[in-house]
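For chain A, the structure is supplied; the task is to place chain B on it using the hints.
Spelled out, the chains give:
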Amino acid sequence: MMWAICIQEFKSLFKTWKSMLVIILFLSISFLSGKFFSNHQTLLMNNGDVPVFVSSIRALVLFLGTLFVMALSHDCVNKEIEHQTMRLLVTKCSRDAIIFGKFLGIFLFWGVCLLISFSIVSLYSNEFYIMELIKLLSFLSFVIAIAILLSSFVHRPNHTMFLGILVGLLIPIIGIWSLFDARISMLKYMFPYYYMMENGLYIFVPLLFSFLIVLLVILYMRGRDF
Amino acid sequence: MNMIEVHELKKRYKDVLVVKGVSFHVQNGEVFGFLGKNGAGKTTTVNMLTGICLPTEGKFFINGISHRNMDEIKKYIGVMPDVSNYYLHMNAIEHLKFFAQLKRTKVKKENIYDLLEQVGLNGHEKKKVGHYSFGMKKKLGIAQALIGDPKVIFLDEPTSGLDPESAFAIQEMIKRLSNEGLTIFMTSHNLYEVEKICDKVAIMENGLISKIGTIEQLKKSGVSHVEIVIKIKGDYNYAAQRLQQTMSDEIAHIYHDHHYIYCSLYHEDSIPTCVRMLCNSGINVYELNVKERSMEDVFFGK
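Taken in sequence, the protein lines are chains A and B. Letter by letter, the first sequence follows residues 1 to 226 of the numbering used here. Letter by letter, the second sequence follows residues 1 to 302 of the numbering used here.
Extracted from the complex, chain A is given alone in its bound form:
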């Protein structure tokens, strides 16, 4: 049941012009950065912790990823309610399966996008940056969960479109600001940016957050009428 919803969500994400733009953007950035860094080998020396070949993809995800996810999936749940397709879904499968399926479908979409981008880069770098890919997926899982939360608690897609843009801008602003400003440094633990700078098991903390958010959404949806 969950897989049917997942596949349906995954496929539907490929059918909008917005998603096409996002895919084209990611592929272009991957090609260009791969080409650029392979032509400018000297820049590769100054890489710090982040592999330079994927630094542009990383920057794209960390700064604009929230906005992209919100743009594509702000209405993933409330659209089903507004279009009344939810009334058919809830008579056939559990509400838990619907939410988990939606989450996995969106996650799969971004997983495929990033996998293709990293594969393109690896053609130039001759190296596949698996840890960096996992980190970014962990980051995106947090953002996807926020999109699902927003779409479940706010009933109108028009409202989530506006709120999605706002949240898509606020998450990176507050998340990154909290890393550098001592006055709001406590907030850094609530956003995935802090964990992106760490290594080891820390990189899975955003993933854990996302599961907790999805559980909250499931608890809410279990008590809702459609």
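Since the hints were derived computationally from the structure, they do not count as laboratory data. Any given hint could turn out to be false.
Claimed, not checked - Restraint ranges, calculated between C-beta atoms of paired labels, are given here:
#1 A:I24 / B:E8: 54 to 64 Å
#2 A:K15 / B:N38: 34 to 44 Å
#3 A:H83 / B:R68: 28 to 38 Å
#4 B:H7 / A:I165: 42 to 52 Å
#5 A:I165 / B:E5: 42 to 52 Å
#6 B:G123 / A:K15: 18 to 28 Å
#7 A:L27 / B:K137: 33 to 43 Å
#8 B:H189 / A:H83: 20 to 30 Å
#9 A:W17 / B:D199: 47 to 57 Å
#10 B:E172 / A:R224: 34 to 44 Å
#11 A:Q84 / B:R293: 31 to 41 Å
#12 B:E172 / A:S28: 55 to 65 Å
#13 B:P164 / A:Q84: 21 to 31 Å
Said to hold, decoys possible - If you want the ones that stay clear, here's a sample from chain B, every Cβ over 10 Å from chain A, calculated:
#14 P81
#15 H89
#16 S178
#17 N280
All values reported here derive from a predicted model rather than from experimental measurement. Note that the Cβ used here is the ideal one computed from N, Cα and C, for glycine as well.
Using the frame of chain A, we list chain B on its own:
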């Protein structure tokens, strides 16, 4: 065996108690009609039984499974909600395949085509649902309710908005499915349709069931008189007066126009006496009809 058992089911929306405690049961293989005016609470009751909304109080069992285990119940039910929509970019086949996957059922392509033919959607299988008319969406609604071999199907106004030919086809289909052993729970505003296809009927008023029983039981309930209509050749005024004079203890009410005598008898045993009396008075009876109580009379409490 009871396929559906409902005990004191209630639903409250904010301060309004929409369903005030309904109890009934539907036997296996029965076609159960659920009637009521708009706002009576019948759709809310169906929505609770199908998992679209949650009961505030009470309990129900479907196929012996408690409402607390709604996800298990969903395996055995097919639902056509009153208001629903479809994925406009998908065609009928894609919809039915998707819904089958949701119910973890494997369906063959030919079965899907069969189902679509049964509901009258043959020739439109590959058309995007976005281009479907209201009636076609209704038909798809019935087809998707039948996916996954359910034991009971809930149809909320299955023929409303359909042309007479399609409505007739759906009614025939419901009767056939019932004969095959499927339990059908349907709501309708069409009293003729209910009378034609339902085995048992419940009438809901202001959140409560006011009447419940088989069609025959409901028609007989609350009836104290037998209404007869008599056609004669001759003086209607004289005939009516004769009846009233000679059978005053047996006639509750009598009146006539230029075509018929309308007579309300206390008991049906008085009908032969009535005919005999008219004949003995030299009045030729050309026609006598016992007026049966219709579902309309039952519904409006006439």
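Evaluated hints:
Judged by the Cβ atoms, the range 54 to 64 Å given for A:I24 and B:E8 holds: they are separated by roughly 59 Å. The hint said 34 to 44 Å for the Cβ distance between A:K15 and B:N38, and at roughly 38 Å that hint holds. Between A:H83 and B:R68 the beta carbons are some 29 Å apart, a value that agrees with the proposed interval 28 to 38 Å. Between B:H7 and A:I165 the C-beta distance comes to about 49 Å, which sits within the given range of 42 to 52 Å.
The beta-carbon spacing between A:I165 and B:E5, approximately 50 Å, falls within the hinted interval of 42 to 52 Å. For the pair B:G123 and A:K15, the beta carbons lie near 26 Å from each other, so the given range of 18 to 28 Å is met. The hint said 33 to 43 Å for the Cβ distance between A:L27 and B:K137, and at roughly 38 Å that hint holds. B:H189 and A:H83 have their C-beta atoms about 25 Å apart, which keeps the hinted 20 to 30 Å range intact.
Between A:W17 and B:D199 the CB atoms are about 53 Å apart, so this pair conforms to the stated range of 47 to 57 Å. Look at B:E172 against A:R224: about 38 Å separates their beta carbons, and that is inside 34 to 44 Å. About 39 Å separates the C-beta atoms of A:Q84 and B:R293, a value consistent with the hinted range of 31 to 41 Å. Evaluation of the 55 to 65 Å hint for B:E172 and A:S28 yields a pass: the beta carbon distance comes to about 59 Å.
Distance hint for B:P164 and A:Q84: a CB-CB separation of about 27 Å, consistent with the stated range 21 to 31 Å. Not every CB of chain A lies more than 10 Å from the CB of B:P81, the least distance being 5 Å, so the non-interface label is violated. Residue-level check failed: B:H89 sits 7 Å from the nearest beta carbon of chain A, not beyond 10 Å. With a minimum CB-CB distance of about 21 Å to chain A, B:S178 clears the 10 Å threshold, and the non-interface call stands.
Separation of B:N280 from chain A is adequate, the least Cβ-Cβ distance of about 66 Å exceeding the 10 Å criterion.
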